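There are 2 protein chains.
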Amino acid sequence: MAEQEGITCKKADLSEWYNEAVLKAGLADFSAVKGFMFIRPYGYGIWEQIQAVFNAMLFRTGHVNAYAPALIPERFLRKEKEHVEGFAPEMFLVTESGSGKLDERLVLRPTSETVIYDAYAKWVRSWRDLPILYNYWNSVFRAEIKSTKLFLRTCEFLWQEGHTVHATEDEAMREVLAVLELYRQLAEEVLAVPVVLGRKTEREKFAGAATSTCIEAMMPDGRALQMGTSHHLGQNFSKAFDIAFLDQNQQRQFAWQASWGVSTRLIGAVVMTHGDDRGLILPPAVAPYQAVIVPIFKDDTKAVVLKEARRLAETLAVRVHVDDRDGYSPGWKFNEWEMKGVPLRIEVGPKDLEKRQAVLVRRDTGAKSAVPLATLHAAVAEILEDIQHALLKRAKKLLADQTHHVQSFKDLEKTLEEKRGFLVAGWCQSRTCEDHVKDKTGADIRVVPFEPISQDCVICGKPGIQVYFAKAY
Amino acid sequence: MAEQEGITCKKADLSEWYNEAVLKAGLADFSAVKGFMFIRPYGYGIWEQIQAVFNAMLFRTGHVNAYAPALIPERFLRKEKEHVEGFAPEMFLVTESGSGKLDERLVLRPTSETVIYDAYAKWVRSWRDLPILYNYWNSVFRAEIKSTKLFLRTCEFLWQEGHTVHATEDEAMREVLAVLELYRQLAEEVLAVPVVLGRKTEREKFAGAATSTCIEAMMPDGRALQMGTSHHLGQNFSKAFDIAFLDQNQQRQFAWQASWGVSTRLIGAVVMTHGDDRGLILPPAVAPYQAVIVPIFKDDTKAVVLKEARRLAETLAVRVHVDDRDGYSPGWKFNEWEMKGVPLRIEVGPKDLEKRQAVLVRRDTGAKSAVPLATLHAAVAEILEDIQHALLKRAKKLLADQTHHVQSFKDLEKTLEEKRGFLVAGWCQSRTCEDHVKDKTGADIRVVPFEPISQDCVICGKPGIQVYFAKAY
Numbered sequence: 001m002a003e004q005e006g007i008t009c010k011k012a013d014l015s016e017w018y019n020e021a022v023l024k025a026g027l028a029d030f031s032a033v034k035g036f037m038f039i040r041p042y043g044y045g046i047w048e049q050i051q052a053v054f055n056a057m058l059f060r061t062g063h064v065n066a067y068a069p070a071l072i073p074e075r076f077l078r079k080e081k082e083h084v085e086g087f088a089p090e091m092f093l094v095t096e097s098g099s100g101k102l103d104e105r106l107v108l109r110p111t112s113e114t115v116i117y118d119a120y121a122k123w124v125r126s127w128r129d130l131p132i133l134y135n136y137w138n139s140v141f142r143a144e145i146k147s148t149k150l151f152l153r154t155c156e157f158l159w160q161e162g163h164t165v166h167a168t169e170d171e172a173m174r175e176v177l178a179v180l181e182l183y184r185q186l187a188e189e190v191l192a193v194p195v196v197l198g199r200k201t202e203r204e205k206f207a208g209a210a211t212s213t214c215i216e217a218m219m220p221d222g223r224a225l226q227m228g229t230s231h232h233l234g235q236n237f238s239k240a241f242d243i244a245f246l247d248q249n250q251q252r253q254f255a256w257q258a259s260w261g262v263s264t265r266l267i268g269a270v271v272m273t274h275g276d277d278r279g280l281i282l283p284p285a286v287a288p289y290q291a292v293i294v295p296i297f298k299d300d301t302k303a304v305v306l307k308e309a310r311r312l313a314e315t316l317a318v319r320v321h322v323d324d325r326d327g328y329s330p331g332w333k334f335n336e337w338e339m340k341g342v343p344l345r346i347e348v349g350p351k352d353l354e355k356r357q358a359v360l361v362r363r364d365t366g367a368k369s370a371v372p373l374a375t376l377h378a379a380v381a382e383i384l385e386d387i388q389h390a391l392l393k394r395a396k397k398l399l400a401d402q403t404h405h406v407q408s409f410k411d412l413e414k415t416l417e418e419k420r421g422f423l424v425a426g427w428c429q430s431r432t433c434e435d436h437v438k439d440k441t442g443a444d445i446r447v448v449p450f451e452p453i454s455q456d457c458v459i460c461g462k463p464g465i466q467v468y469f470a471k472a473y
Numbered sequence: 001m002a003e004q005e006g007i008t009c010k011k012a013d014l015s016e017w018y019n020e021a022v023l024k025a026g027l028a029d030f031s032a033v034k035g036f037m038f039i040r041p042y043g044y045g046i047w048e049q050i051q052a053v054f055n056a057m058l059f060r061t062g063h064v065n066a067y068a069p070a071l072i073p074e075r076f077l078r079k080e081k082e083h084v085e086g087f088a089p090e091m092f093l094v095t096e097s098g099s100g101k102l103d104e105r106l107v108l109r110p111t112s113e114t115v116i117y118d119a120y121a122k123w124v125r126s127w128r129d130l131p132i133l134y135n136y137w138n139s140v141f142r143a144e145i146k147s148t149k150l151f152l153r154t155c156e157f158l159w160q161e162g163h164t165v166h167a168t169e170d171e172a173m174r175e176v177l178a179v180l181e182l183y184r185q186l187a188e189e190v191l192a193v194p195v196v197l198g199r200k201t202e203r204e205k206f207a208g209a210a211t212s213t214c215i216e217a218m219m220p221d222g223r224a225l226q227m228g229t230s231h232h233l234g235q236n237f238s239k240a241f242d243i244a245f246l247d248q249n250q251q252r253q254f255a256w257q258a259s260w261g262v263s264t265r266l267i268g269a270v271v272m273t274h275g276d277d278r279g280l281i282l283p284p285a286v287a288p289y290q291a292v293i294v295p296i297f298k299d300d301t302k303a304v305v306l307k308e309a310r311r312l313a314e315t316l317a318v319r320v321h322v323d324d325r326d327g328y329s330p331g332w333k334f335n336e337w338e339m340k341g342v343p344l345r346i347e348v349g350p351k352d353l354e355k356r357q358a359v360l361v362r363r364d365t366g367a368k369s370a371v372p373l374a375t376l377h378a379a380v381a382e383i384l385e386d387i388q389h390a391l392l393k394r395a396k397k398l399l400a401d402q403t404h405h406v407q408s409f410k411d412l413e414k415t416l417e418e419k420r421g422f423l424v425a426g427w428c429q430s431r432t433c434e435d436h437v438k439d440k441t442g443a444d445i446r447v448v449p450f451e452p453i454s455q456d457c458v459i460c461g462k463p464g465i466q467v468y469f470a471k472a473y
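Top to bottom, those sequences are chains C and R. Using our numbering, count along the first sequence one by one with no gaps and you end on 473. Using our numbering, count along the second sequence one by one with no gaps and you end on 473.
Any given hint could be a false lead.
[Said to hold, decoys possible] Cut-off 30 Å, straight-line C-alpha distance, at most; resulting in silico cross-link-like pairs (BS3-like, lysine-lysine): (1) C:LYS122 <-> R:LYS333; (2) R:LYS101 <-> C:LYS149; (3) R:LYS149 <-> C:LYS101.
Everything labelled a hint here was simulated from the structure, so no lab data went into it. Only a predicted model underlies this, so the values are computations on that prediction, with no experimental measurement involved.
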């Protein structure tokens, strides 16, 4: 790879670096329509890994996938007052077809509660029909007015939205928390991005929810990133859409509901959390290629080296790619795969083959080791596992370093200005004090931990609980 | 299952039967917006099987998946003249967002050639960038004016669209035919729906293509169903969108392109081809559940029977579901799973367990057999394979019975009126004679076989080639 084809920014300049890394690694590109994103195969490959892992989690917990229409009658969105207020400014409206004006204005789904719950109202009759544990993989549309950022802020993004229906409030809350725990596992154990968990404040909750819970990560520039949300909808929507059932005593009851989602934003979190000045570093669990074999040959050794490289690829039980392209030097290929963040590079040349070995190079540390071909299978598996753990460990340290306990508003302001990060502070649970921090500093309450710890409010000094403030993406 | 919960129509009344079967088996439902479809988990489960099988085929042949934006500037569609003429009447237009009129009218993708090729023009520079072998799973939108039919004719449907770019015309044509062969395998070997292959006439080809090829199936009511299309686009789009590359001699060349797709319409074909008066019959290769275990118990035997049913499920290497619901009789469950078309039912009751056996019931023939538990694993695999073959064999016979060779236009008209089906006849390759048949009978040319067989035109008597006429969905 030529110099100018690599990453030219330092990661310390996160915003510029991020754009360049995403574009040059071939994860995504801007589309001709402002605010829209084209997800290229390498980025989509990460999404496919996330889908596979999360589908397995969903399957184990009794969920099934379905598909709901992308167009929603505008009147549906008006049925739940808070919901429409939250989403109205962001709606895209379909008003015409090729044959003229539509009778009814249709909204491109910004989220599918309303169109799905209209259908659930038809399907739910009896307690026997519950629970409904459906998940939907699709794309949603939000007319963002702020500047576009690939994977993080675009007018269309891919996600999954779960929509479940339960007979009791308790069962719905158990679902909310069980899914949040799946999200934590996905973030930490698969993406190697550590998160804090908790609920949202009234101000920050999902439009239409009774309670919103979330996982939040901390990016290297000190800004928080919401990674996933899981909402208890109470009976807000079941009453608006008439989702009711006859219970075992033949009494008609409104159902209790939950909804939850994670999006392609997760890919943005992975890029920002793990990358370095040379480009991406992908956790093995989501890397489209976990290892790349770069054969090193000249004309006279090409046939034998390529043959051996392909044979080795077949013996490995990981997602491996043999880069057999002509016309690119091994060094060029090394640089390209480093930029693309493939966790492990395997070099095989004529001298290695003579010694019956391959050279392994870790993307995260750059450490090189020569490994006998006979034990390559085990060595690769072991190193990949180690990389997965090392990335999480490093990210956890970063999270700890960026989490600051503050005792006064002055301290909070100063720390925010100097370091950003999570500011752990007391809050009296009043909207006034929450608004005050937001207005003065731009930080909001990202998470209210589930286990309350008493601490006096950082604004008014009244008794309160610990919460996490941060500026956010 | 109570009488009225089952299918009430005979399959001979195909249209009514189809609606009832799709709705009652829980494959899909109508949405609140006219023309739109909600795909329920059981229907989506079939689609997931199709996706898994086809993704494996794509992976083996070097294709990768990606995602392109759903909204396309209206001006893009105007760049290829035939293309926009073909799609303009069916477009849904986004003209407003929550914050007001859009600067530019956007079309909800009816198909994504234009938005994808705009991006390809940026990415393709050199012969080294070719071929591009990308596939896209998404949903597309077509404002249909005719009546809605679930899976067959809806305003939004799920599909995959492949968009490939090649250095030479030959290579593009090889891609077109290679994908058509994958589609044939998918239809015949997975869905057990036999097809005829060939190219479309100029009149029937895809708007913007140089040559369209397709696979066509024959439904039990004698109407043809287009199952998949694979188009050679020539340089029509590469010239309109400026997709050009420097070849190995540093000469600038326009690229050659192919596009191809299959949709959720395949599910409609499966339902119509294999079902019977009692409901669906799903080929094992795409059935979400290949077998269902129905435990037969009373209060005192419940624990032991359920335990054994679950243990058996774990020993089977197929997609199996244990129907452990309370409050439904075994007979009710038998009827429900028959309606839903699960290929194999496994009954396990206390008497069976005493004899260390289970009773297997095939959905396609109703044949019952008692099988020792010790050999259940092998017996289930064998029966499922046999069902898969038997369904294809039966469907092939149906196709043969519905294929009629005709020698005169009178014969063609009469056969169409009496039996419909494929009418194999000579055609002089003139638009006049093609239009004549369409205008007089409603039948069009579905397929021009790749290997031409000489036969005089059924209209004008001039020398011609054999083609397949039919009325179509």
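### Message
Hint by hint, where does the structure go against what was stated? Just the numbers, ascending.
### Response
none
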